[in-house]
Amino acid sequence: MTIVFYVSSAVAIAATVLMLTRVRAVHALLYLIVSLLAVAVIFYVLGAPFVAALELIIYAGAIMVLFVFVVMLLNLGEETVRAERALLAPSMWIGPSVLAAILLAEFIWMLARGGVPPAQAVSIGPVEVGISLFGPYLIGVELTSMLLLGGLVGAYHLGSRKAPHTEVTHATHP
Amino acid sequence: MLDLLWLVPAIPFASAFVLAVFGPRMRSKAVAVLGAGAIAVPAVLMLLIAAAFVSAPPAGGAYTQVLWTWIGVGSFRPAIAFYLDALSLVMVVVVTFVSFLIHVYSTEFMRGDEGYSRFFAYMNLFVASMVTLLLADNLLLLYLGWEGVGLCSYLLIGFWYQDPVNGLAGRKAFIVTRVGDTAMAVGLFLLFHSLGTLRIQDLLHTASDQWQIGSPYAVAAAALLLGGAVGKSAQLPLQTWLPDAMAGPTPTSALIHAATMVTAGVYLIARTHGLYELAPQVQLAVAVTGAATLLMAGCSALTQNDIKRVLAYSTISQIGYMFFALGVGAWGAAIFHFMTHAFFKALLFLAAGVVIEALHHEHNIFRMGGLRKELPAAFWTFLIGGCALAGLPLITAGYYSKDLILWSAANSTAGTAGLWVAGIAGVVLTSLYTFRLIFVVFFGQPATPVSHRPGPAMMIPAFVLAFLSITAGFATTPFAAFMAKALPELHEGGMGMSEVINSTVAGLAFLAGLLVAWYAYLSNPALGRAAATSRVGRVLHRFWFSDWGMDWFYDRLFVWPVVWSAKANKADIVDSIYTGLTRLAALCHRYFSLTETGRLRWYAAWIAGGSAFAVAIAMFL
Amino acid sequence: MMLACLILIPLAAGVLAWAAARWSVTAARWIALLAMLADFTLALSLWISHYHAGFATWYAETDWAWIPQLGIRFHLAVDGLSLLLLMLTFFLGTISVLVSWREITEAAGFFHLNLLWILAGIAGVFLAVNLFLFYFAWELMLVPMYFLIAVWGHENRTYAAVKFFIFTQLSGLLMLVAILALFFLHHHATGVYSFEYQDLLGTAMSPGTEMWIMLGFFVAFAVKLPVVVLHTWLPDAHTEAPTAGSVILAGLLLKTGAYGMLRFVLPLFPHAASVFAPIAMALGVAGILYGALLAFGQTDLKRLVAYTSVSHLGFVLLGIFAWNSLALQGAVMTMICHGISTGALFVLVGALHERIHTREMDHMGGIWSTAPRLSGAALFFALASLGLPGLGDFVGEFLVLLGAYQKSIVLTSLAAIGILFATFYALRLVQRAFQGPNTRDWHIPDLVPREGLVIGLMIAALLWLGLYPRPILDTFQQAAARLEQLAPGK
Amino acid sequence: MLPIRESFILAGILFTLGVIGVLARRNLVFILMSIEVMLNAAGLAFVVAGAQWRQPDGQVVFLFILAMAAAELSVGLALVLELYRQYKTLDTDVLSRMRG
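Residue numbers (numbering that gives the first Met the number 0), protein chains in the order written: chain R, 0 to 173; chain Y, 0 to 620; chain Z, 0 to 489; chain U, 0 to 99.
Hints listed in this document are in silico derivations from the structure and should not be mistaken for laboratory results.
Note that beta-carbon positions come from the ideal geometry of N, C-alpha and C, so glycine has one too.
A few of these clues could be false.
Using 20 Å as the maximum straight-line C-alpha spacing, the simulated EDC-like pairs for lysine to aspartate or glutamate come out as follows [to be verified]:
(1) LYS566/Y with GLU498/Y
(2) LYS566/Y with ASP299/Z
(3) LYS87/U with GLU105/R
(4) LYS87/U with GLU78/R
(5) LYS484/Y with GLU498/Y
Examples of chain R residues lying across from chain U (beta carbon under 7 Å, computed) [stated by the list, open to error]:
(6) SER7
(7) TYR30
(8) VAL38
(9) VAL40
(10) SER90
(11) TRP92
(12) LEU102
(13) ALA120
Sample of chain U residues lacking proximity to chain Y, with all beta carbon distances greater than 12 Å (derived) [said to hold, decoys possible]:
(14) VAL18
(15) ARG24
(16) ARG25
(17) ALA69
(18) ALA77
(19) ASP92
(20) LEU94
(21) SER95
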């Protein structure tokens, strides 16, 4: 189990790094899916099979399909690729990396100081999760449904706008 | 009879109120009748009260009438109450009587002025305040009258308000006298704090019980009251307002700035004489102030061109004599001189008013001349007044009162030879400038044609005053006896000079002044001019003409700094603290808004940096 | 119940006037006027009916529960001090309704709503004996005042209104913090939650804490008073406000600061206040002199009058912290007389502004010859302002100085010089604006009967206060004696 | 034994990688992807915590995050499309109309 964990961790990290450094969106997207799959494995290792399945189905499946559609709709040509490549100069990475390194160092330091007690592997299946979801978290579920509805309406509204019309509104009401 | 005393201030006050509110709609005849009548009634009433007082003196030689308790806080209970004793009786009688004469004079002098009713309203208010001042039973009520007369003085100096110069003169008068009043107010606080009362009689008793002679409290209190007196009576160093006050109508100058209000300081010191006896140093200061003032003002009077300014300086000088008398402990003599001065100085002003009006508001004496024949009535009255002022021996009232003061200076334990010599020098000066004035105005060649002749309403008061200027002097002995009921007598001692020598020297001094004036201004005018245009003469002339440069000095020391700082600080420097804060906020706004670049990554970096910082704080704290 | 009426009548009448203005503006004015008269009559009857009792203690209380769990009650009560100020409130309230009769034409209904609500707030401040209610009323008078300045003010009104609001609001919050601190200290000491004034009196606390809480209250009231260095909102607000606003600001709003000092700062924190007293007195004297100097330098007539308030209220501060019967009586007397005399000056300046549409003194001059009654009245109130004996202000200032002399001779002498300074600006006001040559050839109507009535009433009041102030002094006497008892070392 | 500590560290690494992506990339699509990585990392941390305490709550919260990510992404991608239609670019440094 531990080996599986380490291997998938390494895969997740590597895939993410590769995703970050791609110039073409589709390539990056593929690496992202790999990263998500690796995390799904880790979920399984941690004894959360339900969530692992959801990660596969929803994240790596549905959401990423959405991305693919958008990338296709955008139809970014060679022009963009060249521009992206120009922007991937090392100097662009230094500042963010330093900041991120500080954050990570702090995180690890706190983790080391806090001392996490070891825990036995116990699988928590969909039953417990479902009971919990529709028990104490009922209101949360309702709120989430409303959020999703909001997202739906918002996306529909933005997508249905006619481009020239929007431009006019922007001009008059900046 | 005595219980009608409250009517004496009340009637003029009521009349002033009526004139102020309804005056503009009244006919000028009605205004004149009401204005003068409102003074005639108290004058007559006061004579009756005086008769009653003399014939049947009240117990203790004083009558007190309490109207109501004015303020009542704890033990501080000053009342609106009047106190009538020999001192206030004489003062009130003289004031109401002279006021009445001047009011009659004004009915003609002011005729046709657009502010006719306003003038009488102010004048009546003045009489009411003056009487309140004199009759006040406590120092707070006295202060009320004191400020009231100051106010009327201000209003009347600036009566012709359309000329800003008059307004400025009035303001100067009010402010300079108020400088003294401020000292006096602090004196009242001191007296109440240490003695627990402001009733004058209680005050004097308690003071003599509690304080030793020369105690610092007594000295401070007396000095502070002296400050008030000096301001009101135009003595050194606060005399500068009086010459400018001549901007007011002539009856005002006669009444307020010669006969009555300016002597309030004399009255105050006489009223509180007990304090000064406890503070011999301050009493000496009073004498020295008086002596210095009478000499300085006499010199200044010699150089003035404006007829009213000459008289103004002579008023300062004569009040200097009164202070001089108070300072040497000749309380009665001071009051006697007040009385004779009220008569002859009012007379001089009234006659001067006739001259000024006759010459179409000409004030410069060198554009007058030869008026002896044109205006004989004015000439004779002015001459009588002038002789009384200069002290023509044996005949005039001024001689007797001044003689008494000089004799007191020589024969008082508080007097010194130096003071006496200064007094005699003052007589020479007085006689010199008085006859300079008379010779220049009434003798020589006519310079301006006479355009207007006075009517009876103006001349009759002058005649009455001329009569009094002569006869009042013969009442010296009974007057002194009457005064002795209210004021302590002179502590005789000092040089012990005999009365004959003193009178002879005073008479000779008068004669010396007269002769010099005659020689320099009438017989040999070229000599006078030569003296004035010589180098020393020019310097002295300028120096004296500008009142010893005091105005110049005060302007630079007090007036300009205050005015400048007020002007410079118009926008309030403190506010710049707050406008500075708003500026700082605006500046911060400008610089912080620079961080709003609109770049998403920039914001994200801030969020990341911020969380790193927050976590660091959580870690290390 | 009667006391609640004093607040509720203006509140209700305000709404009514607003509603009535939709069909008749005159009706709105009459409603406001009648409400003020009714309140004035109520306060007067209260005064007369209790006059012989001598105002020994609180009376005519109204005590309704509001949020009793936290000790918040709708608790009103009067003693001599608050009664005097209430009468002043409704007197000046009546006058401010009258002076707005012609001046305010725009949104008159809303104007009267604001006006009456301010007055209700002020009445609430003077009546409340529950600190929460007090704070509530304190804020209630603020917002309508903001609107009064910002909507009906002169040229620079927005700046003035915002400045006024920020100053008073910030200081008010400071007071809220102090009130809460006191509340919790009291709870800590006794275990009872209470905002009641009587309960909070004598709350045990350490000297340091007492000083800090006292300063919280002091600063809040010092801004209102105003004490020098915190005064700069005042000239702007007074100058830009409409006439009624200026009258209420000068006549009443400033008095709430002084009232707060008398009602809260001294009794709640006697030790801290007595330690602080010399500084407060020095601040008062600084205000007297600095305010007078500033007034002397102004060329805007209304601004000049505004700065005189800084000077006069310096006397009030001096008197309050001199802390003896004489000075306290003087302070209250000055408060009342200043309300009337300065209020009247604002009325006159407003009347003049209505006629010649300028407040710049350089543009005036010679008004006397065309409007003698207006000018004469201005002279009268200028004289009152410079402390002429016989008029009310003198009694107040003299008593303050007499009392203060017992504490500090130097400060009293300096303050006496302040009276001299008052001469400078008062005479300058009269001479520059009303006297001198009429170079601009003004021809303006004199006071109309409505204005004449207002001014006549105020003249009569000042003369009465100046010559027979006993009723006022007697009314406050018991309260002053109680305050004096509190002074440490007594 | 579960690799709790290691999992937390993995979550941290993934999260910081997401941060780097948001900060370093200028293309909106990549930024959105990086945000997905960060959200995923956060979800991982919740699940790890849930596993440690043997409670289902961690997974419940992951579900919420999942729903939230879906909603966010649908709106975000719609905005990306709209922006590209209007400005013909997805470079966030160019799209800086919110400058103060």
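Hints, one by one, checked against the model:
For the hint linking LYS566/Y to GLU498/Y, the alpha-carbon distance of about 59 Å lies beyond 20 Å, and the restraint is violated. Of the supplied pair hints, the one linking LYS566/Y and ASP299/Z holds, its CA atoms being roughly 13 Å apart against a limit of 20 Å. Between LYS87/U and GLU105/R, the direct Cα distance comes to roughly 40 Å. Violation of the 20 Å bound is thereby established for this hinted pair. Restraint check: the Cα-Cα separation between LYS87/U and GLU78/R comes to about 12 Å, which is no more than 20 Å; the hinted pair holds.
The hinted pair formed by LYS484/Y and GLU498/Y fails the criterion: a straight-line CA distance of about 24 Å is larger than 20 Å. At a threshold of 7 Å, the smallest CB-CB gap from SER7/R to chain U is about 9 Å, leaving the interface hint violated. Violation of the interface hint for TYR30/R is found here, the shortest Cβ-Cβ separation to chain U being roughly 9 Å, above the 7 Å cut-off. The beta carbon of VAL38/R comes within 6 Å of a beta carbon in chain U, closer than 7 Å, and the hint placing it at the interface holds.
Residue-level restraint check for VAL40/R is violated (minimum Cβ-Cβ distance to chain U is 11 Å; threshold 7 Å). Checking SER90/R against chain U by beta carbon gives a least distance of about 10 Å; that is not within 7 Å, so the hint is violated. Below 7 Å, beta-carbon pairs count as interface contacts, and TRP92/R has one with chain U at about 5 Å; its hint therefore holds. Given the 7 Å rule on beta carbons, the hint for LEU102/R holds: about 5 Å separates it from the nearest Cβ of chain U.
Interface hint at ALA120/R: satisfied, since its Cβ lies 5 Å from the closest Cβ of chain U, which is below the 7 Å cut-off. Residue-level check failed: VAL18/U sits 5 Å from the nearest beta carbon of chain Y, not beyond 12 Å. The beta carbon of ARG24/U sits about 8 Å from the closest Cβ of chain Y, which is not more than 12 Å, so the claim that it is off the interface is violated. A Cβ of chain Y approaches the Cβ of ARG25/U within 12 Å, the least distance being about 7 Å, so the stated non-interface status is violated.
Every CB of chain Y lies more than 12 Å from the CB of ALA69/U, the least distance being 22 Å, so the non-interface label holds. Listed as outside the interface, ALA77/U is consistent with that label: its C-beta sits roughly 17 Å from the nearest C-beta of chain Y, beyond the 12 Å cut-off. The Cβ of ASP92/U sits about 5 Å from the closest Cβ of chain Y, inside the 12 Å cut-off, so the non-interface label is violated. The beta carbon of LEU94/U is not kept farther than 12 Å from every beta carbon of chain Y, the shortest such distance being approximately 7 Å.
With a cut of 12 Å on Cβ distances, SER95/U falls inside the contact zone with chain Y, its closest approach being about 3 Å.
The earlier numbered hints that this structure contradicts are 1, 3, 5, 6, 7, 9, 10, 14, 15, 16, 19, 20, 21.
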